[in-house]
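Take a look at the letters that make up each chain.
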Amino acid sequence: MEYLIHLAIVISIYSILGLSLNLIVGYTGLLSMTQAAFYGIGAYATAIAMTSYGMNFFLAVVIGILLSALSALAIGYVLSRFDGDYFTLGSFGFNVIITAILVNWRGFTGGATGIPAIARPSLFGFTFSGNLSFLVLVLVSAVIIYFICQFIVRSSFGRVLKAIREDEKAIQVFGYNTKYYKLAIFAIGAMMASVAGAFYASYLSYISPAQFDINESAFILSIVVFGGLANNKGAIWGAAFLILLPEALQFVGFPSGIAEQLRQVVYGLALVFLMLYRPQGLVGEYKI
Amino acid sequence: MSIIPQIILNSLIAGSIYSLVALGFNLIYGTTKFFNLSHGAVAVIGGYVAFYFTKSLGFGIIISAILGIFAAGFLGYFLDRFVFRKLRQKKASNMVFLISSLGLMIALQAVTALLFTSNFQIFSSQFTSYQIFGGVITQVEVIIFISAALISVGLFLLLKKTRWGRTVRAISDDEEVSKIVGIDTNKVISQVFFIGSAIAGLSGVLSGLDIGLEPTMGLLLLFKGVIAAVIGGVGNVYGGVLGAFLLAFVENFGIWGVSAEWKDVISFGLLIIFLLFRPQGILKK
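Those protein sequences? They're chains A and B, same order as listed.
Under our numbering, think of the first position of the first sequence as 1, with each following residue one higher.
Under our numbering, think of the first position of the second sequence as 1, with each following residue one higher.
Calculated from the structure, these hints are not laboratory results.
Every residue, glycine too, gets a C-beta built ideally from N, C-alpha and C.
There's no promise every hint is true.
[What the hints assert, rightly or not] Sample of chain B residues with no beta-carbon within 10 Å of chain A, all distances over it, derived:
#1 Ile-61
#2 Val-181
#3 Asp-210
#4 Ile-211
[What the hints assert, rightly or not] Pairs of lysine-lysine, BS3-like flavour, derived with a Cα cap of 25 Å:
#5 B:Lys-160 x B:Lys-86
#6 B:Lys-91 x A:Lys-162
#7 B:Lys-33 x B:Lys-91
#8 B:Lys-160 x B:Lys-33
#9 A:Lys-162 x B:Lys-179
#10 A:Lys-233 x A:Lys-162
#11 B:Lys-33 x B:Lys-161
#12 A:Lys-169 x B:Lys-33
#13 B:Lys-86 x B:Lys-187
#14 B:Lys-179 x B:Lys-161
#15 A:Lys-169 x B:Lys-91
#16 B:Lys-161 x B:Lys-91
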């Protein structure tokens with residue numbers, strides 16, 4: 001049971017990440033490979049605020065969200081000058097830079113060894129120390145974020161995003177300043193990823209830079225591509241599938257180290273086959 | 001003793017490795033116009049094949065290196081034949097090419113780790129080293145420098161002076177028109193993949209000999225090659241070489257005085273500066 005709760009927590013966290021990146025890649029058509037950086041900023045901001053400054057988790061999350069939003073605006077501003085492949089390449093670059101800062105700014109981030117002993121959230125004297133209560137908290141947040149995403153993509157703002165994806169020049173002709181729309185959604189996605197990071201830090205109670213590197217960004221992108229671009233439910237399916245895959249492999253009898261590598265083989269090849277035969281993902285609406 | 005000669009030597013070695021990666025990357029980019037993210041993983045597999053033949057089967061180092069280079073070449077050929085050619089036929093968007101080459105990178109890297117473990121491995125630590133202008137350089141590093149020079153010149157001659165080179169340049173200019181005038185573009189692109197990947201394999205073998213091998217090092221090799229290519233002007237084969245040496249010098253002088261861990265920040269910083277202010281690279285194509 002405890003094991004199932006653990007899986008549900010991890011799936012919920014990655015669903016938030018999938019949802020957040022889906023707004024950027026699926027709905028707006030910006031192939032960003034830097035989502036793990038914002039996930040990491042959220043996790044680190046929360047962890048540092050809690051361990052070094054003794055702040056409450058919920059206050060720390062807000063700080064993380066603000067910090068992610070600010071970095072996303074700065075990074076997004078630079079990236080907004082690139083398009084196509086160069087956007088992706090630049091976003092790769094920012095992820096590497098953020099990870100390197102986490103590794104090298106030792107006095108503040110604990111360096112490569114990371115930050116241990118991050119507490120569980122507590123509110124009005126109640127601590128979410130049990131995994132079940134933690135799951136409820138994460139699940140409620142994931143559901144809220146899901147509805148925010150649904151709201152965004154159905155709003156007029158969301159329609160502009162989709163129009164940018166389909167034909168940016170055409171929507172510019174109608175007088176929309178697409179740059180601001182792209183920046184806004186980039187920051188919104190980063191804020192959501194930051195929430196996921198906060199939960200991740202608090203759940204594992206330990207974080208290190210390697211958990212937020214470029215491979216993690218690739219993994220989050222795979223969740224989105226797998227589940228389906230421009231489909232919020234798809235992001236959740238993608239997260240569930242890719243998290244459960246190595247567990248299933250272990251269940252069949254592979255040792256955990258090998259199961260982890262096999263997962264990468266399977267999802268790497270799955271990306272290739274999806275691109276060859278079903279570029280919109282399992283349930284996606286947008287065919288890249 | 002001054003440290004500057006050693007920094008210059010280190011920059012020359014790093015620049016040679018980067019230029020090999022960039023040469024193959026640019027060659028492939030020139031004809032296919034997409035960022036092949038699996039290029040680094042292919043390079044590393046070349047290194048590992050050489051490692052396998054010399055360590056486990058006891059082959060000579062030269063034979064093993066050649067086998068590694070050919071293995072990488074064939075791998076690149078097969079990737080094109082079974083993945084990228086199909087995507088080209090479907091007229092897939094660049095995003096599709098990027099994601100599928102990312103998928104290939106992830107899968108190849110994991111396969112390498114499954115076959116050879118994810119530990120760091122070295123060929124041998126016994127290489128003769130020479131003193132030169134107050135710096136130290138190993139035999140392998142001399143070979144790295146010479147191979148980079150030979151491959152650059154060889155590729156230049158191949159592209160400029162041969163009939164095959166002309167068809168490659170024609171495809172780079174316009175694939176559709178090349179098809180119309182009767183060039184078998186798929187065949188030529190597959191050959192380009194073979195040659196580009198074989199050069200990548202050489203860089204994998206050489207950096208394996210020099211530093212060692214690790215399944216995840218492909219990503220970094222790829223990035224250095226791509227950054228070199230962007231600095232020099234993407235798709236411009238000679239620009240890539242120039243970019244590689246510029247990158248290597250900036251990196252190695254940049255970490256003078258600060259921790260070596262900032263190297264990647266410096267290289268990506270350079271990339272972003274170039275993308276912002278001179279996206280067409282040093283040499284405009």
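Results of checking the hints against the structure:
No beta-carbon of chain A comes within 10 Å of the beta-carbon of Ile-61 of chain B; the shortest separation is about 28 Å. Distance to chain A confirms Val-181 of chain B as a non-interface residue, since its nearest Cβ pair spans about 28 Å, more than 10 Å. Every beta carbon of chain A lies more than 10 Å from that of Asp-210 of chain B, the smallest distance being close to 22 Å; the non-interface claim holds. With a cut of 10 Å on Cβ distances, Ile-211 of chain B stays outside the contact zone with chain A, its closest approach being about 19 Å.
For the proposed pair Lys-160 of chain B and Lys-86 of chain B, the alpha carbon gap of about 29 Å is over 25 Å, so the pair is violated. Taking the CA atoms of Lys-91 of chain B and Lys-162 of chain A, the gap is near 22 Å; set against the 25 Å cutoff, the hint holds. Restraint check for Lys-33 of chain B and Lys-91 of chain B: the C-alpha separation of about 12 Å stays at or below 25 Å, so the hint holds. A distance of roughly 20 Å separates the Cα atoms of Lys-160 of chain B and Lys-33 of chain B; the hinted pair therefore holds under the 25 Å criterion.
Between Lys-162 of chain A and Lys-179 of chain B, the direct Cα distance comes to roughly 35 Å. Violation of the 25 Å bound is thereby established for this hinted pair. For the hint pairing Lys-233 of chain A with Lys-162 of chain A, the CA-to-CA distance comes to about 17 Å; that is within 25 Å, so the pair holds. Of the supplied pair hints, the one linking Lys-33 of chain B and Lys-161 of chain B holds, its CA atoms being roughly 23 Å apart against a limit of 25 Å. Distance check on the hinted pair: Lys-169 of chain A and Lys-33 of chain B sit about 22 Å apart at the alpha-carbon level, within 25 Å; holds.
Between Lys-86 of chain B and Lys-187 of chain B the alpha-carbon distance is near 13 Å, which keeps this suggested pair within the 25 Å criterion. Proximity of Lys-179 of chain B to Lys-161 of chain B is assessed by CA-CA distance (about 21 Å); at most 25 Å being required, the pair is judged to hold. Taking the CA atoms of Lys-169 of chain A and Lys-91 of chain B, the gap is about 21 Å. The hint holds against a cut of 25 Å. Distance hint between Lys-161 of chain B and Lys-91 of chain B is unfulfilled; the C-alpha atoms sit about 31 Å from each other, more than 25 Å.
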